Structure formats: C-alpha cells, structure tokens
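Peer 1: Residues per chain are reported as follows:
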Amino acid sequence: MNRLNTQYFFIIIALYLPGLSYAETSWLDKTQIHGFASQAFIATTDNNFFGDSEHGSFEFTELGINASTQLSSKLRFSAQALSRRAGGFDDGSPRIDFALLDINLINYEQGQIGVYLGRIKNPIGLYNETRDVAHTRQGIFAAQSIYFDKVRDLILSADGIQLYGDYSLPNGTLFLRGGLGYSIPDDNVEQAYLGANFAGKLESNKLALLGQILYEHDGGRWIFSATGVTLEIDYESQPADALFGISDGTLKVDYTVLSTQYNGEKWQLTGEVAFENINPQGISEFHQALNSNTLGYSLEANYRLTSKLQGFIRQERFYIDKDDKNGSQYNATYLQPASSRYSKSWVIGGRWDINPNWMARVEYHSFKGLAILSPVENTTPTAKENWDMFALSLSYRF
Amino acid sequence: MNKPVKYYFAIFFLILSANVSSQILITHPDNSISQLSKKTMRSIFAMRTPHWPNGLPIQVFVLDDQAPIHISFCKHLLGMFPYQLRRVWDRQVFSGTGIAPITVKTEQEMINRVATTQGAIGYIMPENMTSSIKSIGEL
Chain B
0 MNRLNTQYFF IIIALYLPGL SYAETSWLDK TQIHGFASQA FIATTDNNFF
50 GDSEHGSFEF TELGINASTQ LSSKLRFSAQ ALSRRAGGFD DGSPRIDFAL
100 LDINLINYEQ GQIGVYLGRI KNPIGLYNET RDVAHTRQGI FAAQSIYFDK
150 VRDLILSADG IQLYGDYSLP NGTLFLRGGL GYSIPDDNVE QAYLGANFAG
200 KLESNKLALL GQILYEHDGG RWIFSATGVT LEIDYESQPA DALFGISDGT
250 LKVDYTVLST QYNGEKWQLT GEVAFENINP QGISEFHQAL NSNTLGYSLE
300 ANYRLTSKLQ GFIRQERFYI DKDDKNGSQY NATYLQPASS RYSKSWVIGG
350 RWDINPNWMA RVEYHSFKGL AILSPVENTT PTAKENWDMF ALSLSYRF
Chain C
0 MNKPVKYYFA IFFLILSANV SSQILITHPD NSISQLSKKT MRSIFAMRTP
50 HWPNGLPIQV FVLDDQAPIH ISFCKHLLGM FPYQLRRVWD RQVFSGTGIA
100 PITVKTEQEM INRVATTQGA IGYIMPENMT SSIKSIGEL
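Chains B and C supply the protein sequences, listed in that same order. Just so we're aligned: the first sequence equals residues 0 to 397 in numbering that gives the first Met the number 0. Just so we're aligned: the second sequence equals residues 0 to 138 in numbering that gives the first Met the number 0.
Quick caveat, the hints were computed from the structure, so don't treat them as lab data. Wrong hints could be hidden among the right ones.
Think about it this way: if two alpha-carbon atoms lie no more than 35 Å apart in a straight line, the pair counts; the simulated DSBU-like pairs of lysine-lysine are [as the list claims (entries may be wrong)]:
hint, chain 1, residue 1, chain 2, residue 2
1, B, K149, B, K307
2, B, K367, B, K307
3, B, K307, B, K251
4, B, K367, C, K37
5, B, K307, C, K104
6, B, K343, C, K104
7, C, K104, B, K29
The model shown is predicted, which means the values in this text are computed figures rather than measured ones.
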C-alpha cells in the first residue's frame, strides 16, 4: 500500500468510527439484558415441601434471563426464559415466562396508557408478577397463603392482551390493569383441584379476565391494591376416566387479593388477604361437592438493620374452606384428616444483601396443618400436622 | 456585633448550608426543561415517563443503590428510599412491563454520560457542576 492509499484508508476509518460507536451505544442503550439465579436448601422435621425435604432437599433452583428492546419510541419488545426446579412441582424444563409487545399508546401530563400483547404475567397482589425472582420476593418462598405454589401456573400468566394506565393524583399515583387471556394449567393444578392426575386433561379454552387497581401514596410510602381474576378451565376426559366415574366438566376459579403495604426507612409492613372460590361443575358428583371458598392471609413486618441486613417476622393463615376452618365437616364427610384443610404458620427470617448482585437468606417456619402441601409430594393420611421447616438460599441477579 | 461573634455566625451558617446542600438534578445542555415537580421527578426515576414533552426519549442515569449520593438523592429530592426505587425497577424488568435506569460507577461518569446523551437526566453534588451539563431546579 503506498502512502496516499494508507492516508485514505485511515481517513475513511476515522470517518466511519464515530458512526459505528454511535450505532453501538444507541443499540446498547435501547436493549437491556437482565437475569437471575437462585439455589435453596430446605429441611423439614416432617412432610415434604420442594423435594424430599425430610432428608434435606436442594430441589429448589431458579434460573432466568430476559431482554427488553425499544423497537421505536412507542414500541418495546421484552421476553424472559425461565427454568424452575421445584421438588415434585417442577422439573426445571425451560419455558417462556413472558414474551410481550408493549405498545405505549398515549402519554400525557398525568400519566400514560398502553397495551401489552403476548404472554403476560398477571399482576396479582404485590408479588405475583415477579414471584420467581428471589431478590423481589418477601422470603425464600412466596407467601403460600396468597401465592400457592401448588397451583401457581394457573394464575401466573396468561396469553392475551392487557391494558395499562397510570394516572397521577395530587399525592399519589393510580395504576390500572385490565387483561383478557388464556391461562396455562398444568398437572399440579389438576392434582390440587381434582385430587389426582386423571387420564384426561385440563384445557384452557375460555378467556380469563383480570383486573387490578393499585394506588401508591406519596411515592409508594403506602401501597394499596385490589386484584380480581376469574377463569374457567375445561376438563376433557379420556375413556380410562370412566373407571373412576369421571366425565367432562369445568373448573371455575375466582381469585381476589387485597394488599396493603407501608414502606418506611427502617420498617416495611405488609398485609395481604386472598379469597378464592373453586367451583367444579360436572367431572363427578364427588368433585362437584368440593366447591369451596378458600381464605388466606399473610401479615409481615420487615426491619432494615443496615442497608445490607434485614430481618422479618410473618404470620400466615390458609383455610381451604372458610366455612369449615378446622376441617371437621370435611373429616366427617370424607374421613380424610381435618388438618389437610388448614395451615397456620409463623416465619422468622433474615436477608443479607452481600453486594448489588448477591443475596443470602435464612428462614425458620413453624406450621400447624397441611393445606399448603401438595398431594404431588405428600401422602395426606400419613402426613404430620405439626411440622417445622428450615431454609437457606443464595441468589444472584444482574 | 463584635468581630468574633460575627465570625462564629459565619461558621454556623456555613455548617448549616453544608448540611442542607443536597444533590442537584442534571440534564443534557440541549434540554429546554429547567424545572421539574417532585411528582414528575419520581415518575421519571421510576422509569414511568418514557419521553420529554417534545417526544425525545428520557435516558435515566443513576449511581449504585448503596452510593451515599444516591441514597441522599432519593431521600431529599424524591422523598423515597433506594429500596423502593429498586423494587419498582425490578418489578418492571422481571415482568417485562418496563425497564431499569442505566447504573454508572462514579459521579464523573454520570457527568460524562449526561453531557453526551440527548434526553439524559441524572444527579450530582452541586460543587461538581460544570458547563457541559445543565441543572434542573425543583418546581
């Protein structure tokens, strides 16, 4: 290469470089990638929760990665892949947790209005949307009285559309969400609501409806929220089901969660209550009679000792039939343990934010009752009514 | 008033003003906005206001959650605590409903990024104000 050519070469490169670096920064600024990984250890005195916990279980592993990219000023795409190994509930096979298009329709001085299209997480209570991300949960496990792991997939997300709107008020902001979509039932749902995994399948053929109204007062010092979900899933029987007297039917579920939270500099106080009506129609006479109204609540006080250390205490109650809290009628009718119909627990725990990425937790739970346990992991008649659980977790996020 | 007393008063006021001097909001010099209400600041830093009134995307820069300047900025300018903002960002990022701001490591990096990014907003200590950036007052 002679001298002149070399000069041209460098001039061309020099002219091109700012363009390249600009293109790169703008692409980077428009795309964000985040992820998380968490591993827990669980030990119970009796009964199994997230694996063979009576002998110590490591079967609670969560891995996720997501990307969000701004396609245009009004259009954003975002998706997350999730793998969750959770004892008998989940084997860790990867799935699309959410994949949505966010269309920002209107921006005005008081807020914004937009729509999400695709697979969307359901904003139920204060924690459902990010219940699988350890850093965002209240503890090693989501509060089981509100966010039942034994039927999580039914209310976790939906394939459809969600409308969102923020409206700014003099001392706070109102957030509204309304959704229409198909829920995603799995075998755990069938086990929990039908009592066994029968030959037929639960199919989500009808649109589920979701609505949430959330108010944040004074920048979130106080948060109040009410969520309602109503859904219907069909049970499509197989010839083998006839042996058990099982035929086609539907399962109607109405789920309401009310939440309140105070966020102070040191103290965070949270109260959530969930009402669920499970109404099986058809399927079998036995199942039809299982129509029940559940009641669950959780009260928690969390204290920040330093910016890195927190401790909390939580009380939880969960009744499968709020008109038969102690399970005596159920016991008399079905000769099954009354203790399988309620769960009363206390939890104390600590959280250590080692650095912005790493976090460790330790918890001790004391339970009376078996209602949060799943038949997937336990044989109800031999399960122990009073049991304790110790859990540790180490979590990473970026 | 005799001289020593005046002197003590001067020191007293200096200490007082040092205590109340809090972070200032900064933006790209081309931004026509010069004042923001606390409500709008909260919305911007919660990543809920995607655009400036002229349609330009807002690019938010913050320091680490544990950085003293960030903690003080949250408390004094937003009237919030860092963990509250973190929860808002996390909920958005891990449910796909929104994004998180860009975290910078130092105040100098904050100044550089805000000075060179159209639509940028961030915060610094007032003594580090330079001509490459523009300050935004509280409405």
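Peer 1: Which numbered hints are broken by the structure, listed smallest first?
Peer 2: Failing hints, ascending: 3, 4, 6.
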